[in-house]
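A.B. asks: Starting from the given sequences, assemble the full structure and let the hints guide the process.
Protein chains in written order, with the numbering used here: chain A, 1 to 141; chain B, 142 to 285.
Think of the hints as simulated: they come from the structure by calculation, not from any bench. Note that the coordinates shown come from a computational prediction; the quantities given were computed from them, not determined experimentally. Glycine is no exception: its CB is placed at the ideal position from the N, C-alpha and C atoms. Fair warning: there could be bad hints in the mix.
If you anchor each label on the Cβ, the simulated ranges turn out as follows [as the list claims (entries may be wrong)]:
id : chain 1 : residue 1 : chain 2 : residue 2 : range
1  : A       : 3         : B       : 267       : 32 to 40 Å
2  : A       : 44        : B       : 210       : 17 to 25 Å
3  : A       : 64        : B       : 175       : 41 to 49 Å
4  : B       : 285       : A       : 67        : 47 to 55 Å
5  : B       : 283       : A       : 85        : 20 to 28 Å
6  : A       : 75        : B       : 284       : 28 to 36 Å
7  : A       : 78        : B       : 144       : 45 to 53 Å
8  : B       : 210       : A       : 140       : 48 to 56 Å
9  : A       : 45        : B       : 263       : 19 to 27 Å
10 : A       : 6         : B       : 285       : 51 to 59 Å
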Amino acid sequence: MQMEWIYGLIGGLMIGSAAAMYLLINGRIMGASGILGGLIDRSGWSNGAERLAFIAGLVIVPGVIASLAGGGATHATTNIAVLIPGGVLVGIGTRLANGCTSGHGVCGISRLSPRGIVATLIYLGVGALALGVLRTVLGVI
Amino acid sequence: MRMVFAFLAGGLFGAGLYVSGMTDTTKVQGWLDIFGAWDPTLGFVFAGALIPMAVAWRVAAARRGAVLDGAPLPAAPDRRLDRGLIIGSALFGAGWGLVGLCPGPALASLGFGGWPGLVFLLAMGAGMLAAPPVRHRIDRRAAA
Chain A
1 MQMEWIYGLI GGLMIGSAAA MYLLINGRIM GASGILGGLI DRSGWSNGAE
51 RLAFIAGLVI VPGVIASLAG GGATHATTNI AVLIPGGVLV GIGTRLANGC
101 TSGHGVCGIS RLSPRGIVAT LIYLGVGALA LGVLRTVLGV I
Chain B
142 MRMVFAFLAG GLFGAGLYVS GMTDTTKVQG WLDIFGAWDP TLGFVFAGAL
192 IPMAVAWRVA AARRGAVLDG APLPAAPDRR LDRGLIIGSA LFGAGWGLVG
242 LCPGPALASL GFGGWPGLVF LLAMGAGMLA APPVRHRIDR RAAA
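C.D. replies: Here it is in C-alpha cells:
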C-alpha cells in the first residue's frame, strides 16, 4: 500500500511523456475528451484517422498489459442508475468545457492556461462535493 | 507516420493510466473522498504528468512546428472563462465523482473493465453527442 504513490508518480511521468510526445511530434494537444468527442460529433473528421490511431493505442496497450499482468479491474459500480447518469454528465460536461483531466488538467495547467486551471479547480471541487454528498451524507454510492 | 506516433502516444498514455492506478475507480474516488478515507495517489500522478509536459511547452515555444512535418503547434491558450467552461466542468466533476472514471481511463480500461465500463463509455458518447446543441443554447443565452 505504501508503495502506491511511486506507481502514481511513474505512471504520471508516462502520461506526461505521452502528452509531450503528442505535442512535439504530432503538434497536437493530448486531450482524451477532445480526441474522442471530435470523432463522435464529426467536428474532428478531417483528422479522424490520427484520432482513431491514438484511441486504438489508448485501448489496446493497457488491455494487453492488464492481460499479461493477469487481470486489471476498474472496481466500477455495477449500478446502471449510477453508471448511465455519470457517463452522460462526463460526456456532455467535458465537451461543453472543451476538455477533461488530460486536456485541461495535464496539458492546460502545465502551460498555466487560465481555462485549464479554472476547469480543474471546478471539476475537482464538484467531484469531491458530489462524492461527499452521495457517499458520506446519503450513503447511496 | 502521424498514425504511428498517435498510436504510440495513445499507448503510452494508456500504459501510464494503468500503472498509476487511474483506471481503478477506487483510487480516483479515494482522491475525491476528502470527507472519508482520502487517497493521495492522484496528486502524485498529476505531479508526475506535469513535469515532462511543462518542459515540452518550453521546447514547443522555441520551435516553429511539429517535429514530424512542421505542422503548426497549438496557439497560445484561450483566456476567456466562459459559461461553457464553468458549467461543463461542474457537470463533468459531478459525473466523475459519481463513477470515478473520466474519458482517458474510460477508454484505457475498455479491454479489461467489463460491462460496467462499456455502459459508462456508451453513456459518455451519448453525452458527447448531445453537447453541441446544449453549447449552442448556452452561447445564445450569453449573447442575449
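A.B. asks: All hints, please: hold or fail.
C.D. replies: Cross-check of the supplied hints:
1. 3(A) <-> 267(B): 32 to 40 Å: Given range 32 to 40 Å: holds, Cβ gap about 39 Å.
2. 44(A) <-> 210(B): 17 to 25 Å: holds (18 Å)
3. 64(A) <-> 175(B): 41 to 49 Å: Distance hint for residue 64(A), residue 175(B) is violated at roughly 35 Å.
4. 285(B) <-> 67(A): 47 to 55 Å: 53 Å Cβ-Cβ, so the 47 to 55 Å window holds.
5. 283(B) <-> 85(A): 20 to 28 Å: Since the Cβ atoms of residue 283(B) and residue 85(A) sit about 26 Å apart, the hinted range of 20 to 28 Å holds.
6. 75(A) <-> 284(B): 28 to 36 Å: violated (44 Å)
7. 78(A) <-> 144(B): 45 to 53 Å: The hint (45 to 53 Å, Cβ to Cβ) is violated, given that residue 78(A) and residue 144(B) are roughly 36 Å apart.
8. 210(B) <-> 140(A): 48 to 56 Å: With a Cβ separation near 51 Å, residue 210(B) and residue 140(A) satisfy 48 to 56 Å, so the hint holds.
9. 45(A) <-> 263(B): 19 to 27 Å: This hint holds: roughly 20 Å between Cβ atoms.
10. 6(A) <-> 285(B): 51 to 59 Å: At roughly 52 Å between Cβ atoms, residue 285(B) and residue 6(A) fall inside 51 to 59 Å, so the hint holds.
Of the hints listed earlier, those the structure fails to meet are numbers 3, 6 and 7, in rising order.
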